[in-house]
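Residue numbers (numbering that gives the first Met the number 0), protein chains in the order written: chain L, 0 to 350; chain C, 0 to 592.
The hints are simulated quantities; they were obtained by calculation from the structure and are not laboratory data. Honestly, I wouldn't trust all of these hints.
To be verified - Only pairs whose alpha carbons sit at most 20 angstroms apart, straight line, appear in this in silico SDA-like list of lysine to any residue:
{"hint": "1", "chain 1": "C", "residue 1": "K528", "chain 2": "L", "residue 2": "G77"}
{"hint": "2", "chain 1": "L", "residue 1": "K5", "chain 2": "C", "residue 2": "K434"}
{"hint": "3", "chain 1": "L", "residue 1": "K101", "chain 2": "L", "residue 2": "T261"}
{"hint": "4", "chain 1": "C", "residue 1": "K498", "chain 2": "L", "residue 2": "K5"}
{"hint": "5", "chain 1": "C", "residue 1": "K76", "chain 2": "L", "residue 2": "T325"}
{"hint": "6", "chain 1": "C", "residue 1": "K216", "chain 2": "C", "residue 2": "G306"}
{"hint": "7", "chain 1": "L", "residue 1": "K14", "chain 2": "C", "residue 2": "V529"}
{"hint": "8", "chain 1": "C", "residue 1": "K528", "chain 2": "L", "residue 2": "Q47"}
{"hint": "9", "chain 1": "C", "residue 1": "K528", "chain 2": "C", "residue 2": "R72"}
{"hint": "10", "chain 1": "C", "residue 1": "K76", "chain 2": "L", "residue 2": "Q47"}
{"hint": "11", "chain 1": "L", "residue 1": "K5", "chain 2": "L", "residue 2": "G77"}
In this text, all values refer to a predicted model and were calculated from it rather than measured experimentally.
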Amino acid sequence: MTFVPKPSARHPLLKTNEIGLTRRDYEAIVSTLCAGCGHDSVSAAVIQACHELSIPPHQFAKVSGIGCSSKTPSYFLGNAHGFNSVHGRMPSIATGAYIANKDLKYIGISGDGDSASIGLGQFAHIIRRRVNMCYIVDNNGTYGLTKGQFSATNDRGSTSKRGVPNLYAPIDLVSLAIQLGASFVARSFSGDKQQLIPLIKAAVLHKGFAFIDVISPCVMFNNHDGSTKSYTHVRNHTEPVVDANLIMPRDEITVEYEEGTTTSVPMHDGSKLQLRKLSDSYEPNNRVSALTYVQKAQEEGEIVTGLLFLEEDAVDCHDILGTLDTPFNELDEENLCPGTERLEQINDSLR
Amino acid sequence: MQPTDIHNPNYFHKVVDCQWACPAHTPVPEYIRLIAQERYTEAYMINWESNVFPGILGRTCDRPCEPACRRVRTEEKPVAICRLKRVAADHKGDIAPYLPKVPKKKNGKRIALLGAGPASLAVARDLLPLGYTIDMFDRDPGGGGMMRSQIPAFRLPKDVLEEEVDLIVNMGVNTHYNYEISSMKEMLDRGYDAYFVGTGAPRGRDLDLPGRVEVSKHISIGIDWLSSVAFGHTTSISGKVIVMGGGNTAMDCCRTSNRLGAESVTVVVRSGFDVMKASDWEKEDAMAEGIPILNNRPPKEFVHENGRLKGVVFGRVKPEEVDGRLKYLPTGEPDVFIEADHILMAIGQENHCPWIERDLGIEFDKWDCPIIDEDSLQSTHEKVFFGGDSAFGPENIIWASAHAHKAAISIHLFCQGKDPKQDRPPEGVNLISQKMGLHEWSYDAEHDPSQRHIVPHADLKRSLDNIKVEVELGFDEDLGFKEAQRCLNCDVQTVFTEKLCIECDACVDICPLDCITFTPNAPENDLRKVLTAPAENSEQDLYVSDILPTNRVMVKDEDLCLHCGLCAERCPTNAWDMQKSIIHIPQLSSYAE
Ligand SMILES: Cc1cc2nc3c(=O)[nH]c(=O)nc-3n(C[C@H](O)[C@H](O)[C@H](O)COP(=O)(O)OP(=O)(O)OC[C@H]3O[C@@H](n4cnc5c(N)ncnc54)[C@H](O)[C@@H]3O)c2cc1C
Ligand SMILES: Cc1ncc(C[n+]2csc(CCOP(=O)(O)OP(=O)(O)O)c2C)c(N)n1
Ligand code: SF4
Ligand code: SF4
Ligand code: SF4
Ligand SMILES: [Mg+2]
């Protein structure tokens, strides 16, 4: 835990974005997590990504459950809206908030315990409902906040700090998300910001449910030799398959890739998502083959990373429900709640 | 890049910008911390060790440390390093127990110090504790050199000067005041074991323009006039005064005239305002006292009538860059005439030793400067050493102290039959961890964002009425504390240990100034461009680690580091530690006892 506040002094050459803000304007209070926790790197990546997107902090809403990971929204976007909910229940809160105000950008931060154990049901249903948000799981294979029990994403055979092996097979959230209909599914590593930042940017801009599973080592309880979620193990076993690069309208394109390996997907705000395949056989637009690839690699102990699945032109829950263009929170009472007479009419029509 | 060798004494010394810039390498942050702890006496002694005249320098130093201060780069205004020195001097207690002991039994070696300015005094201070017999000669009636004869009392009160001069003299210097040295040969014939020439740069420059001879009784050379004021021979000046020149002497001349009854005082400078030699604060102080400074006006002629000075004609020029060089070209406007009854000529000084015969083996170059070795300050005559203004031309007090330490070591080596150049003791560095607990450091790591505090001044009218009233009042303890808190503790270094680093990025993410990057290694110029924040200040080093497990290196740009310790606090493995660097600059005192 750090007690000294981060000095306000900043580098004079710090870049400002299109709305004149520096990265420091997207920060919040200093983290109280253990020094070296992967979750802090994810927060730093969120800060950088939101800054690069040039979206003002107050146009974001941060939602989370309970856990070290779920504490992190306190440590980024200090000027954003936020709701720190109960354990595993962030999806309900996020769904409600998104129904009420579809104009905000939603960033959900959860943990492997929060989403794969207690909150697995909620996790499944928010995907199914296609809530338009960027949902990040800081996946450390453990319940960090409650001092290091195995979580449901912990690999079988991976050991605790004391050397006791885990007896159960893991739940793979990426596979689940692909299977349940998420329109944007990615996996990354907290120690690889070069990969993670563009993914977060694309996930925020993606219309539909965007899920990022970020392997994020718990330095305190799950960073030892027998762990499959330690900095060293993850570094030695990742296989990036699709590189994502978000090109904003004002960005100049600096790298030219070989033809055939890259595809460019237009985003709603005019930017382009450039996908570069690093593995020939990988098909990021095909649910079935993506799922097969990911699961096969998992059996071999390899961690497939990158933008693993993308469904272009996805519909989100407002499209499905056919709601108004105006967000509900902007409607006056009369329109929002048209009264008993109208309710009667509706009921009658259903009799 | 090659991994940085942090055990090279210069590496971390350079990070302590102020100490690096200080000619005497005063350990600035160390004494500033002591001031914040109200340990004024110890703060004073640290200064006394390095720069010999803390009370005097705390009022008059040219302060090369301040433009170098890191705080200039992180937010414009440096720490008031110089005025904090004065805080130590003003509030110190009894220093007697801390002073070096001078042995009763002499070591048999006799040294002659020629001139009794700061250079000679500092040599005396360094040599006396080793048992040397010191004879010091000066034509003035007391010690201190130009600190006594030139620097006006409103900047440097007499008691402050005398306290620090007497401290040294009372260590056992045999003084020979009112003694005009007229022959070096005669001095050499007296058979001293070594000689230190600290006679300064005592000749003021003159200007040969039409009318100069006719009006000579209305023209004074600035430094001669200031010394006659200092010694009480001149107590007033009347009529309209023009001060010609743009250096600190000109500023002292105009402010002194203003106090001695001049009807009006005008400073006229041939060059532009920004390039004047005077320090910014000297210019500000003069202007605050209502003295106009006219720039880009080269003098052309002294106008006189019946042997009386009427005024001076000045041309008008403007600075322009011609082929990359600054030139002053006439503007074509008509000349200006400025009335004057008296002119003070303050256009520079020279070292000048007519009393050194040129056949003694002490060689001079074509500009009539002595030829000396820069490291040992030894002249071409093995027994004769130079220092202070006499060595390389007019500088200032802090350079005089710095030279003195070097010369004292040389004299000591020479007297022991060693080579003053080859046998010099090396510099060194010690690193001491400041970690006290999980989140506790033995220094105040928290960054204080406050602006530089302003030194209070005496009432303007009161100080203009009396030349002895000191203009600056100095910081009181409270302001001194506040200003001390602005110091970034640049001597508490970020020390990186490769084998502990797990590359978790915590330090990169927390660093408020984006100093740290993990990246594939590359040549320096390429690295500078790819860091978290571009490292454009090439005068500041990059700290580069050995290759890490991911095949990258850690690169830290030292330029803007606040020494806030957050990197070390957020590091899970202590790969970063905050360690105080103690730079060992050889001094003779380390040989004593
Ligand atoms: C007007 C003015 C203001 C200044 N203000 C500052 C300031 O604010 N801060 C600062 O750091 N520096 C200042 N300086 C510069 C500073 O005073 C000198 O750089 C410094 O004093 C040099 O020290 P020194 O020991 O080399 O020689 P000096 O101080 O010049 O001492 C040399 C001594 O040698 C004696 N001497 C010379 N020749 C002979 C001889 N033939 N026989 C006997 N004795 C002799 C002189 O009488 C003198 O006492 C100022 C200089 C001037 C002219
Ligand atoms: C309803 C409920 N059950 C149990 C807990 C105890 N609890 C707090 S955090 C946590 C696990 C958090 O694990 P994870 O989501 O992986 O977060 P991490 O700390 O690892 O980032 C548990 C079980 C709780 N707070 N509330
Ligand atoms: S316990 Fe683990 S997850 Fe929680 S803050 Fe510490 S390192 Fe991070
Ligand atoms: S901040 Fe302090 S230590 Fe750093 S350069 Fe300035 S005075 Fe020196
Ligand atoms: S001490 Fe560390 S965290 Fe603080 S500015 Fe320097 S490098 Fe950055
Ligand atoms: Mg967890």
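Q: Find the hints from earlier in the document that the structure breaks and name them by number, from lowest to highest.
A: Failing hints, ascending: 1, 3, 4, 5 and 10.
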